[in-house]
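**Q** One letter stands for each residue in the lines below.
4 protein chains.
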Amino acid sequence: MAKIADTLQVDYDEFCGALAAKDLQPLWKINKQIMPQQPHPKTLPWLWNWSTLLPLAQRAGELITIDRGGDRRVLALCNPGLNGMPYTSTTLWGAVQYLAPGESAPAHRHTPGAIRFVMEGEGVWTTVNGDACDMTPGDLVLTPNWHWHDHTNAGDQPMVWFDGLDLPLVGWMESVFFELYPDNLQPIDARNGSERLYGRGTVPTDREEQSLHSPLLRYPYSEVSLQLDAMLEETGLEVTTLNYVNPINGHSALPTLGLEMTRIREGASTRPYRKAGSSIVVVFRGAGHSVIDGQRFDWSEHDIFVIPSWATVEHVASESSDLFVTTDRPVLQVLGLFREEYLEHPQKVTGTFEPR
Amino acid sequence: MAKIADTLQVDYDEFCGALAAKDLQPLWKINKQIMPQQPHPKTLPWLWNWSTLLPLAQRAGELITIDRGGDRRVLALCNPGLNGMPYTSTTLWGAVQYLAPGESAPAHRHTPGAIRFVMEGEGVWTTVNGDACDMTPGDLVLTPNWHWHDHTNAGDQPMVWFDGLDLPLVGWMESVFFELYPDNLQPIDARNGSERLYGRGTVPTDREEQSLHSPLLRYPYSEVSLQLDAMLEETGLEVTTLNYVNPINGHSALPTLGLEMTRIREGASTRPYRKAGSSIVVVFRGAGHSVIDGQRFDWSEHDIFVIPSWATVEHVASESSDLFVTTDRPVLQVLGLFREEYLEHPQKVTGTFEPR
Amino acid sequence: MAKIADTLQVDYDEFCGALAAKDLQPLWKINKQIMPQQPHPKTLPWLWNWSTLLPLAQRAGELITIDRGGDRRVLALCNPGLNGMPYTSTTLWGAVQYLAPGESAPAHRHTPGAIRFVMEGEGVWTTVNGDACDMTPGDLVLTPNWHWHDHTNAGDQPMVWFDGLDLPLVGWMESVFFELYPDNLQPIDARNGSERLYGRGTVPTDREEQSLHSPLLRYPYSEVSLQLDAMLEETGLEVTTLNYVNPINGHSALPTLGLEMTRIREGASTRPYRKAGSSIVVVFRGAGHSVIDGQRFDWSEHDIFVIPSWATVEHVASESSDLFVTTDRPVLQVLGLFREEYLEHPQKVTGTFEPR
Amino acid sequence: MAKIADTLQVDYDEFCGALAAKDLQPLWKINKQIMPQQPHPKTLPWLWNWSTLLPLAQRAGELITIDRGGDRRVLALCNPGLNGMPYTSTTLWGAVQYLAPGESAPAHRHTPGAIRFVMEGEGVWTTVNGDACDMTPGDLVLTPNWHWHDHTNAGDQPMVWFDGLDLPLVGWMESVFFELYPDNLQPIDARNGSERLYGRGTVPTDREEQSLHSPLLRYPYSEVSLQLDAMLEETGLEVTTLNYVNPINGHSALPTLGLEMTRIREGASTRPYRKAGSSIVVVFRGAGHSVIDGQRFDWSEHDIFVIPSWATVEHVASESSDLFVTTDRPVLQVLGLFREEYLEHPQKVTGTFEPR
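Listed in order, the protein sequences are those of chains A, B, C and D. For the first sequence, the working numbering assigns the number 1 to the initial residue and increments by one for each residue that follows. For the second sequence, the working numbering assigns the number 1 to the initial residue and increments by one for each residue that follows. For the third sequence, the working numbering assigns the number 1 to the initial residue and increments by one for each residue that follows. For the fourth sequence, the working numbering assigns the number 1 to the initial residue and increments by one for each residue that follows.
FYI, nobody ran anything at the bench for these hints, they're computed from the structure. Computed from a predicted structure; not experimentally measured.
Listed below are the simulated SDA-like cross-link pairs for lysine to any residue, each with C-alpha atoms no more than 25 Å apart in a straight line:
#1 Lys22(C) with Asp293(B)
#2 Lys29(B) with Pro158(C)
#3 Lys32(C) with Leu82(B)
#4 Lys32(B) with Asn83(C)
#5 Lys42(A) with Arg296(A)
#6 Lys22(C) with Leu44(B)
#7 Lys29(B) with Trp148(C)
#8 Lys29(D) with Thr52(A)
#9 Lys29(B) with Leu82(B)
#10 Lys32(B) with Leu82(B)
#11 Lys32(B) with Trp148(C)
#12 Lys42(D) with Gln347(D)
#13 Lys32(C) with Pro106(B)
#14 Lys42(C) with His289(C)
#15 Lys32(B) with Trp172(B)
Looking at chain A on its own, in the form it has when it is part of the complex (with noise of 0.2 Å):
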């Protein structure tokens, strides 16, 4: 090994700038900070009220056109921890979508991978790679990684979705591709026929397999309730919780975004709770409030709060509710990070969020 070169006998405030001037960062000046014992997440836990978000999504619908300049009239959950970027979590795009009666948003696609589930409205489909998929109230309708998808109102009312992409970890592994379709809107080859060939455990023999997102594109609320309804009697619990899965193999439906839905029934609560990785709920039914480390967040139909990593969480339902959750746990799981933990009592309500 080459011996110390005699340059570099300067003292330590002067080696430390020898460093910054290659490029170079000593560990030992950052390890607390890069290295916590648990998570110190920059992420917020965060609520946007729907009597804010609503008429904001209505306003925008009478200032911004959709068109090829603008593509989208969405606005963005940005959570005031995130130093201003448009992000909801580390991990975690959430945003309102607002599409009026006779427009259309027009078609394209990326590598994020997305989700919309359906707030308020009727008479919109979400076409994707051909397909026309019907959205009312509680369905939720893939547009997975690189297909395209484009969204029409052929109905008299304004359609409010809820939007969930894994847009800023796509991001931060800078791997973002985005494509413009040729024309405005693609021709639709079927309507809901994802849906229709895919039954329940009867799937086409003529399909590739092995997708990492799921064939089935949309996944109507009317069953979702049934299944919950039928879930909280077969196991006589107050609370339940289904995933939205591909039905080819049992993985989450999109590999970048756990998604589920939670029942509570009237007056119940769930056990108070920390995992790795942050959440989106939207509260598609219901009203309660839920404590998230200390804090208590009152919640309504159609609100809409973010759950930082490694947070304790309690939801206390007043009404029977349905809580919408879009997460980052598939990532998380895949590679061995998730890690999870019950509590074993109700955590001390040390204050109240105050919605901006």
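We have chain A; now place chains B, C and D onto it with these hints.
**A** Relative to chain A, chains B, C and D alone:
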């Protein structure tokens, strides 16, 4: 290496005798038989007419009671090529089972996996590990490996269903276990519960995911039929096939049995085809004929026929037909033994099968 | 449902005759036999002594030439319980093969998968799809499903190896295909190539990953023996077992055969144990005895014995011993049929096996 | 749907202000930035010369002691494009670590997974969960997610190794956990134990099979080098690459890091290529240059450089060279985000990188 024993200085015939005396056989005398260039199945193509099966099943209903001695009123379809063994092919057991109004077949379980495909009747359920699965014509009900099951006819007419089992294969592996339930019937915990718990792509979060058999136990014909319509429409073809799969992993609903429904439009036919492994075909609906290795088999509703390994087969539907097919394909696939090929030209018909 | 035919008003015996005439069998007459409470194997526990096998193999070497007619000089171990079928158990073929100096066994391929485990001799290689795999005592060489293989003895002494095949199982599935290579021997592309291409956890990036059989074709005893030493040392136990696996996916090296080596220290014994599925044990090194369902089987170097399904077995080593074991376990596991249990107490010995 | 609030009759600028006040951002102002047509990485291609790194590492050895405060003497390679964050790319941490004779780096564990690739020195081991893994130049040692690890230099010369971690990714997922071991060093249970327990395709039967990281912890260069020779010989090519994999399942040795060694013969070059995801290249042996998006980077032994996502790259070896490459590829693949392409023509060189 030891020297050659002088006492073995015998001629070839004596040598072969010496081998036999020591429980050895010379490969060179049997290699053409045990290693043929392509399969020479003992399984013969064969057909059982419904017009024969039904009266015999009814007569069995008059003559044979179901009790703890007998357990099941089952007529096994015995392939004449198998030297009296009660099997339909070397890997598959096929049979018809008859259950009169008011009867119950008592609860038991066994390692061979079974399926029940309803041919005629109403008002019956099969209880599988406590879940009462209703049976109407065309429905498929699973009773997987080592699951308790009993059958109850609470209606006012007899039911006849097709039983498909992997019994020959499990028997050959000397791995059959069997157990009687302590009581005559299981208590019923749910009715069609598995069906209510597994929607289209949504699954409970609290279940074990790694089971080799499907948690969904009932596949109603009403849904299967709609899906076949959608598949014919989407592809624009004359023939389509769906698989009955495990909604948790997309594999065959049972690991030992392939389960398919093929719909053929009136006047259409399938391409000549052969594959490793055997199949039992139940004609659920329709009429037509199949050509198997040059022999014509005419069939109509509820007839049952068997196709041997590597036999070339074409189906021709004179009426719109639904063929329910049970195979050993998942076993061959998972062991790397499956092979198949389509042939270019229709077969020449060299004879017609005459049912006994 | 049609009415019962009056012409069937016959008594029970006539009815059974009517069934037989129509290729049907009543389950109630055979159910105890085909659905026993636990396996009643036809496979008998049996042992072939090396002192018998070797002279007969040598004698076969004198009497039988290897040519395109015969192909292989193989003595099959025929279980006396199997009615003359040339199989060691209902799923496994075991045999000894003898190749004299200067001889070659010509190239062919077949769908049954095979393994070769060298018992005695040097200077031989098996060429598998062009890769010449050297064979020395204790080495395992694979000839997977549908791989070309030939054997060449370029040394000056005969070799005897153990052949293990899944032939009974594949035969029962009526899926045996066989093909002669156009020439007597394959050209050799590499020597021990697969071994050089698959290091300890490092693999070429340009290979297909999904094969059901191992791309590694040779497992030398020299490495196996060192690993067994390390395993005994690390665990501090008296008995240890390793599996021969596919380095690409960790599954058994062949999908149809389980392949294991068990080392037992001098004076040690294994716990009483039984499992579904059968095993052929080649005593590679050492001496001792096994108790199988109460019967004592004494063994020494190069003896071969078979353990039936669900038989209780204990091995006792009077010298340090290496047992090479071939099983059907991967098949049972992948079909959900595998079960095993350890028993608390050593078996009572009720008799001793006397080799013929 | 509720009526639009009259109080929101403001113009567009006021509207945008209202959004910001409510933690919302309009997508139409940021969509081109967050959804570019192809990745616009912040990660810059960059190179650190060994002639710079080594003296600074040596100087750190003189100035900085290793104790419980600092733990590790590490110089992080900080990409100048990342605004001062101590990361080599947005997903990868690269660094050099210096351990003087007689020193030990104390035991800890963390959820980020790490690899150590030895550049210079002898006489060091890393103890991973009790298994002391010897380190010599070119060896790869894993310290997987949440495994205890400490480093001990028992030799008489300093060691420098390359550290590769998934820390940026895990940090972005807000899932970093860290824990100090109760003592300074772990007790040593085995020496190179994992290596002795995992032969070429033979594995202990008593291990859990489903771990996401490799049970094999050490991949010695001596074996890697022989395998690269065999691969070059077998393929007849000028360039070859092997992966470091988990011998239990053939996946990458760590789920979050791709680990490869590429050997390029003297005078040979690689085809122009680009892929999603970034790479850090350690020049273990040889000399040459790489062209990255038209810019030439000259390198010789022990230099380190980084390749951003979707950058086109060619390597040209003026001497026979071994490049050890750490990537995020397994993450992109498992999420369905990996894409790659080969380009037809060599790049035009438009500039040369001048190291600072």
